[in-house]
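Engineer: Construct the complete structure from the given sequences, taking the supplied hints into account.
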Amino acid sequence: MIFLKLIFTNLLRHRIRSLISIAGIAFSVAAMLTIVTILQGAVGMFSGILSSDSEIIVFERNVSDLFFSNVPADAVAEIASWPIVQHADPVLFGIVSSSDHPIITCFGITPSDARLRKATWLTGDSANFAKHSDDVVLGERAAEFLHATLGNFVAIGHGTFHVIGIVKTANGFEDGGVFMPLSSAQSFFHKEGSSSVITIKLHDKKDAAEFKSMVKAKFPTLIGLEDEEFTRSYSQFKILKATAWAVGGCGLLLGGLGVANTMIMSVFTRIREIAILRVSGFSNLQIAGMIFGESALVSVLGAVSGLLIGSAFLFTLKLVPALHGYVDVTIQAVVVLIVIVLALLTGVAGALYPAIYAMRIRAVEALRFE
Amino acid sequence: MTTSIQEESSQTRLVLRATDVWKSYDDGAISVLKGVNFEAIQGQTVALCGPSGCGKSTLLHLLGGLDEPDRGHISVNGVELHRHRSRLHLLRHEIGFVFQMHNLIPDLTLEENCLIPTVAAGVDRQTARARLKLLTDSTGLSHRLHNRIQKLSGGERQRTALCRALMNSPRILLADEPTGSLDEGTSTTVFQLLLDIAATEGVTLVMATHDRALAEQCDRLVEMHDGRIREPESI
Chain U
445 MIFLKLIFTN LLRHRIRSLI SIAGIAFSVA AMLTIVTILQ GAVGMFSGIL SSDSEIIVFE
505 RNVSDLFFSN VPADAVAEIA SWPIVQHADP VLFGIVSSSD HPIITCFGIT PSDARLRKAT
565 WLTGDSANFA KHSDDVVLGE RAAEFLHATL GNFVAIGHGT FHVIGIVKTA NGFEDGGVFM
625 PLSSAQSFFH KEGSSSVITI KLHDKKDAAE FKSMVKAKFP TLIGLEDEEF TRSYSQFKIL
685 KATAWAVGGC GLLLGGLGVA NTMIMSVFTR IREIAILRVS GFSNLQIAGM IFGESALVSV
745 LGAVSGLLIG SAFLFTLKLV PALHGYVDVT IQAVVVLIVI VLALLTGVAG ALYPAIYAMR
805 IRAVEALRFE
Chain F
162 MTTSIQEESS QTRLVLRATD VWKSYDDGAI SVLKGVNFEA IQGQTVALCG PSGCGKSTLL
222 HLLGGLDEPD RGHISVNGVE LHRHRSRLHL LRHEIGFVFQ MHNLIPDLTL EENCLIPTVA
282 AGVDRQTARA RLKLLTDSTG LSHRLHNRIQ KLSGGERQRT ALCRALMNSP RILLADEPTG
342 SLDEGTSTTV FQLLLDIAAT EGVTLVMATH DRALAEQCDR LVEMHDGRIR EPESI
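Heads up: the protein sequence lines correspond to chains U and F, in order. Residues in the first sequence are numbered consecutively from 445, following this note's numbering. Residues in the second sequence are numbered consecutively from 162, following this note's numbering.
If you are wondering where the hints come from, they were derived from the structure by calculation, not from laboratory data. Please read all numbers here as calculations on a predicted model, not as lab measurements. One or more of the hints may lead you astray.
[Said to hold, decoys possible] DSS-like mimics (lysine-lysine), calculated; alpha carbons at most 25 Å apart, straight line:
# : chain 1 : residue 1 : chain 2 : residue 2
1 : F       : K312      : U       : K449
2 : U       : K635      : U       : K575
3 : F       : K312      : F       : K294
4 : F       : K294      : U       : K449
5 : U       : K762      : U       : K562
6 : U       : K575      : U       : K562
[Claimed, not checked] Computed beta-carbon distance windows for the label pairs:
#  : chain 1 : residue 1 : chain 2 : residue 2 : range
7  : U       : A690      : F       : P267      : 42 to 48 Å
8  : U       : L701      : F       : L295      : 45 to 51 Å
9  : F       : G204      : U       : L796      : 42 to 48 Å
10 : F       : R174      : U       : L701      : 55 to 61 Å
Yeah, the Cβ is synthetic: ideal placement off N, Cα and C, and Gly gets one too.
Structural biologist: Have a look at this one:
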């Protein structure tokens, strides 16, 4: 109890300094939580596009980005004919631009694709999709920023397309995208006879391993991955996640330096007090424990405050209409846990030098200047 | 045979011994102790007198294991200090210190300050509180237990420091100018309390002081001058 009181007392003694340190950790944690959550949300949404009513994705082996993947049409036809496959939907991804929007994601799909089937049709009829080569269906947000309504013709890239429907989806990328018939997309993007991926739904999920083996044996240039495997191994996702953690980590490092500064000042201003604790029988471990205890307390308070600030910020982002569907504010427990552990580790690392300094304080030297 | 038994008896009562102790600072530039020999027996009160800088505090620090001599030997309760199983054990259980400045932690209460050594030594709370009650009763501080240090007078603070030093029932109390920062009246009171408690607890008290009048009330007065002990003078 007295030990804890010593820890609390010292932090309360320099309230402003302690608060600044807590704020440093808090903002670092908030930044890390926000960045990681937003990027993980983005990754999740992109994965969601791929895993719409499917459990396996087939694409070209060893491509750095799915936009560069080419899956031949004959592979699509053959895979679709395998008995264990319920349905196989080829999807061609492309990036197009309009006058005001440099990047619009374009999905070349077949009429039976789950994306359109599961979307809420605000206007138009899904039965009309792909009847004409220049027909497109717009996501709700795409329709907004292209100022398009049903029946309009919109200029996308070098082409002009007829809007035959507007759909609402929960996924920001899809909601801001353009859906066009696969054959039109192949022609538009000069990828005749190929798609970027095939999304596969099996009759029985247990056949996933067998399916992957079949793909490997039959099409050596292609690879089949279950959705979770894909999310884990896709290099773009890895880069995004690593970037998020690195940026967040830098923020936390700055917070850690703040803790280190506070703890150094804390030790320097009470050398005599530490000397007296030594004379009273405190061991090196107990002295270090006190210093680490203080920094841990700062870190925990900072982490908790940071989680609250970060959550509030994410919640606010979700309310911004322009970001609707792009920001997934579902904070993952594992992210929270990692952020707290990192904050604690940062605090402990920040207290390392001060603790070593405190352990080296010789009572006799501190007391000689009485 | 008789002489041998007497010698052995004297040896067992010897709690502090410094033999030809030398100490200097700044790589030998400042020589503080120059071959000091000192002994104290169980329950004895010893006053170290001498001018500032003569080495009184340094000798106390060496006797208490806070510092190491350049040369010579220190033994506590018959055990060479460098062989002592643990200096930590010494500070926790065998030696208590009182300084000129009370050196209490101002943000803590009297009770919390006094309990610090028991926390260090891992004494259970019940035992620690019983001991604290005994000490605060005998020093007249019982009514001040929950007061912060800032609320205490100079004399009360020094009495608190005395209680803290005695919390783990050490057999040796080393006091460095314990009344040096107090007015004359308070100084006499605190000093008398020191002697009383030392007698009650059977503690060996070694005290550095400038005050010759107080020093003369101790069992022994040891004069120090320029890092050496002069002829010991028994009272």
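Engineer: Each hint should be assessed against the structure and marked as holding or not.
Structural biologist: Tested hints:
A threshold of 25 Å between alpha carbons decides the hint, and for K312 of chain F with K449 of chain U the separation of about 19 Å falls inside it, so the pair holds. With a C-alpha separation of about 20 Å, the suggested pairing of K635 of chain U with K575 of chain U holds against the 25 Å cut-off. Note on K312 of chain F and K294 of chain F: the hinted pairing holds, with a Cα-Cα distance of about 20 Å set against a maximum of 25 Å. Using a Cα cut-off of 25 Å, the hinted pair K294 of chain F and K449 of chain U holds, with the two alpha carbons roughly 21 Å apart.
Restraint check: the Cα-Cα separation between K762 of chain U and K562 of chain U comes to about 23 Å, which is no more than 25 Å; the hinted pair holds. This hinted pair checks out: K575 of chain U and K562 of chain U have alpha carbons roughly 19 Å apart, not beyond 25 Å. With their beta carbons about 45 Å apart, A690 of chain U and P267 of chain F fall inside the hinted range of 42 to 48 Å. The hinted range of 45 to 51 Å is satisfied by L701 of chain U and L295 of chain F, whose Cβ atoms lie roughly 48 Å apart.
Remark: the range hint 42 to 48 Å for G204 of chain F to L796 of chain U is upheld by a beta-carbon distance near 46 Å. Taking 55 to 61 Å as the suggested C-beta distance range, the pair R174 of chain F and L701 of chain U conforms, at roughly 57 Å.
Consistency note: the structure conflicts with none of the earlier hints.
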